[in-house]
Amino acid sequence: MITASHAEHASGHYLSHDWTLRGWLLTVDHKRIAWLYAASITGFFFLGGLAALLIRLELITAPGDLLSSETYNKMFSLHGIVMVWFFLIPSIPATLGNFLMPMMVGAKDMAFPKLNLLSWYIYTVGGIFTLAAVIAGGVDTGWTFYTPFSSLFSNSAVIAAATGVFVVGFSSILTGLNFIVTTHTMRAPGLTWKRLPLFVWANYATGLIMVLATPVLTVTLLLLGLERGLGIGIFDPALGGDPLLFQHLFWFYSHPAVYIMILPAMGVVSEIIACFSRNPVFGYKGMVISIAAIALFGFVVWGHHMFVSGQSLYAGILFSFFTFLVAVPSAVKTLNWTATLFRGHIWFSAPMIYALSFLGLFTIGGLTGVFLAALALDVHLHDTYFVTAHFHYIMVGGAVTAYLGGLHFWWPKMTGRMYSELWSKVAALALFIGFNLTFYPQFLLGYSGMPRRYHDYPEAFEFLHILSSLGSGVLAIGYLLPLVYLGWSLWRGPRAPANPWDAYGLEWLADSPPIKHNFTETPKVTGGPYVYD
Amino acid sequence: MSTTETPESAPAEQFNTMAQQRHAGLMGMWVFLITELLLFGGVFGAFIVLRVQHENVFAEAAHHLDLVLGTINTVLLLTSGLTMALAEQAVSVRRRGLSLVFLLGTILLGLVFLGIKAYEWHHEYTKQLLPVMDLPFNYPGEHPEVAELFFNFYYAMTGMHAAHMLIGIVILAVMAALVAGWRAPAKLDRQIHIVGLYWAFVDVVWIFVFTVLYLLRG
Ligand code: HEM
Ligand SMILES: [Cu+2]
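Chains as they are written, first to last, in my numbering: chain A, 1 to 533; chain B, 1 to 218.
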């Protein structure tokens, strides 16, 4: 159980005072920084979405008629770079995490508020480089920047794009550092590690991955830049360098990076499912151990992206084995959520619909990951639409859906306003239907041999591609709707009480929206999380 | 630590106590250094893989580095580690003059290190062993194309290290200015420990750079 004294209502909340440009751009309040991030990543999300729309338009018909193959390559590269680095990696941690981590541990702010603001500025600088790359004519290397194409052959704006990704990595490192130190040193009295909400655990583990994996990407891109810009060849085979080394270093970061995307999503979903099934999360300890196991195993499976790259067979077998292992904690989490739902009193609110969508889509994404982890099968499926469908089920079906669920769940807390019940449910359903219509056909396409990254294809694949493009239209509606009704709620939504969902967690003790330092008095914690009957 | 100087040590807004702030500051630096470790870890990992692949050529190429200058630099940097530790001690016993002397000494040693490093690079340039930006590369030994890879790593690693030194020297200069002003010694005490951690890290990285590039000459 938790107690905090709701002393007199402090006048003014974090949004009401100092509503000036300066008050926003120089703020060190974690809650305002969360909004700075939310606005920026939303912009990038729709930029990446625009690229995706063009891709899907091109693929409606078999011949490559809308975009030249060169433009098409630039489109999917832009889409991947923007979505992975400027939307998904920061999404939940930098917005919901920034807003909630200090509140959930009962603190006034992050341990390093100025670094927190700095991280947003770094993000912005990185974003500017990426936009510059687009203006300079785009980049055609794909989001993975594989050498030797990216270092020696591509004629596109590789340096600008890679610099953008290089820079934005530092913002991620600073966010992770803040999460780690905040969780260690800023917890309210009585809030022991075993009493932390799973959202905090998930973001803490994410922080560790950010801090441990990102620097390897940083240095890899630095070496790429040195090779391309100054001719300091490292990966160049003509010098005895090894282009595969790039892939090793890249995936050493980028596989753990996919857990940067999914762990916070798992944290969000745990909070939502517990609240709307009025049940404590089943197997709290198991959940924490799985989070740790996912973060840990994530570091030893990168070679599953290189099964057909010519790495040694023994490496392939080991990486395959570890990849199977990593599916175990993911399955534990899925089963525990299901057990939490079981015998719960389920309330189908919008956040819950998003959380349930997550559960379904993540399961499909995870299971198809296990297919891909099988060495022999992957030889057939590698670089086909099957892989595309696999990671979209997890990154979009899973992570983006959870982000939206979390945004709805904590919206009343963040803004002090309620949104439309009806429209939010319509949007959540549109997302679920649109998503499946877009990406399920891609499993079938990939299985029947359609490779990724081509702007034309044999007629036989046309039907499935048309379904997929149709689905993306529905999906777009699912993403545009919240922009409208959530935006509307800011002006016209009914005022939200401090705890509209009757949820547990320190953040719900604060006002909606919270005062500048969150609590009038540091809360004292005397029991574990999720005390739903 | 210093419980005697309470008046000047009100914690920053987000903290409740001084002890909490100190703990957070130190921990933040440690976490940062771990990221730095992995930053260098990436290049070291790559270097070691290639070093195993091209064992003989790399070992031979290492002979073309200036071991004497490298050794002098190692001694200089280790000494600067000592003066930095002494500066930290001097601040914690509140000896302003002494702290300043040791800090400036550390800066001086760092600058001399960078000077020697720059001279070394220049020397390699005159020997036509600097293959960047289409400069000529005239390596006298066998397999010059693989030796070029070695030299590329040499410039990348020593360059990254020098960049860190440069940042460290700027931070030390700021620290020296703060010590000269000598306001809020308890705060200085906290800060100089954090700066000291960074400087020690730069030291340690050099030891590794020196070992894998200069000493592994087969
Ligand atoms: C249940 C755990 C998972 C397993 C067993 C698994 C397995 C795999 C395998 C074996 C591949 C390589 C396929 C190939 O390229 O041939 C792959 C690709 C991929 N996975 Fe997963 N995965 C899992 C979870 C995730 C998660 C959580 C994410 C993201 C949040 C993710 C994102 C990706 C991406 C982005 C790629 C493809 C990258 C590319 O080539 O562009 N996976 N996965
Ligand atoms: Cu992976």
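Hints should not be assumed to be uniformly reliable.
Below, simulated DSS-like cross-link-like pairs (lysine-lysine); rule was C-alpha separation at most 27 Å, straight line [as the list claims (entries may be wrong)]:
1. 187(B) - 114(A)
2. 108(A) - 187(B)
3. 516(A) - 285(A)
4. 108(A) - 425(A)
It should be emphasised that the hints constitute simulated quantities derived from the structure, not laboratory data.
Quick rundown of the hints versus the structure:
no.	hint	in the structure
1	187(B) - 114(A)	18 Å, holds
2	108(A) - 187(B)	22 Å, holds
3	516(A) - 285(A)	33 Å, violated
4	108(A) - 425(A)	34 Å, violated
When held up to the earlier numbered hints, the structure conflicts with 3, 4 and fits the remainder.
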